[in-house]
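Participant: These are the residues of each chain, in order.
Number of protein chains: 2
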Amino acid sequence: MRIGIIGGTGKEGAGLAGRWAQGGHDVTIGSRDAERARAKAAELSGPAGRAIGGMSNRAVGLETTLGELKDACRGKVVISTVVPLSFGGGRLFTPPPHGSSAEEAQALLGPDARVVAAFHHIAAHELSAAGHDIDCDLLLCGGDADAKKAVILLGSGMGLRAVDVGALTNAGPLEGITAVLATINRRYKLKNSGIKITGLPA
Amino acid sequence: MRIGIIGGTGKEGAGLAGRWAQGGHDVTIGSRDAERARAKAAELSGPAGRAIGGMSNRAVGLETTLGELKDACRGKVVISTVVPLSFGGGRLFTPPPHGSSAEEAQALLGPDARVVAAFHHIAAHELSAAGHDIDCDLLLCGGDADAKKAVILLGSGMGLRAVDVGALTNAGPLEGITAVLATINRRYKLKNSGIKITGLPA
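Protein chains in written order, with the numbering used here: chain A, 1 to 202; chain B, 1 to 202.
Hints should not be assumed to be uniformly reliable.
Same chains, same names: a pair is fine if it fits in one copy or spans any two.
As the list claims (entries may be wrong) - Computed list of lysine-lysine pairs in DSS-like fashion (alpha-carbon distance at most 27 Å, straight line):
#1 Lys76 - Lys149
#2 Lys11 - Lys76
#3 Lys149 - Lys191
#4 Lys149 - Lys189
Derived from the structure by calculation, the hints contain no laboratory data.
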């Protein structure tokens, strides 16, 4: 699959890029600063013979703000891993007016973007430890069944069990789980708490 | 522990009553209709020699609306298992204006009630199958450390591992997880999906 990661130089983006490149996908990470993207891509390309490209968000065919991405994302599968957390003390998670960041992205990109909310709970720390099994389910939701199939493939390629949590209106609760995991990480001094759904047939 | 369950004749309340009575606690379930509470209590008291009381919510020292419960709950540990789900189609979970039902209860009961949000994810179906291990963690949050200790005891008495998710401002995300589990139950034709936190020390 050809995958472009907007703002892919952060920990989560870099972790996903590494795992997907390892799975044989053609991955390019974008940054506002093309030089920074190239440097990060070179760094990530080292281990395990992975080749990751780096360019400006614009050159990836992407822009830095979602509104400008509308044309580029038409018909494409767009994965929203965004979680609107506020670390300033007080309430950690408040859903945005649309109900979730994923629904906000859908509203900005228009109905032709096939938005799937996923990968919020897969810790960057787990992603970056290559060769290490990730002990977390891939919870995802969205309105386009084929787009969800593509995301499930991207998850199973890194050994993740996917659990389909229905329509994009469930993205708020999925994003909120990250607040739960972030709090658990802090309280129990962990870097990589995750969640597994119980009761599913084996 | 002496435990009163407001509206305890429903599936979740009856399940908790059964498990707690089995653990040796002194449990009374309340209902608006005292006769209905007594009948349900008699039915629940049958198995395993449990004795559960039943009376009107008012007689349990409780009223049917939280606002009227303010005096009765002063200084007491109050467990909120409430999840504001809308099953009419569309969005399943929308947090109330206070952020969560638990924070709404805290606001109604005043600062002297020691509100803990917990037990949202323990399926009624799992609770009622006595002698059956419950494959789900007990996620809880609240502002009173001693109240959380009491709730953790109530959970460990039925074999649940407790995970402390910090302050009551995290109750919204905990309540939202129930929307995730309800959706999974519907999509995968289950009655008792649950969640486990991964990455915690054994």
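Participant: Go through the numbered hints given earlier and state which of them the structure violates, listing their numbers in rising order.
Facilitator: When the structure is compared with the hints, none of them turns out to be violated.
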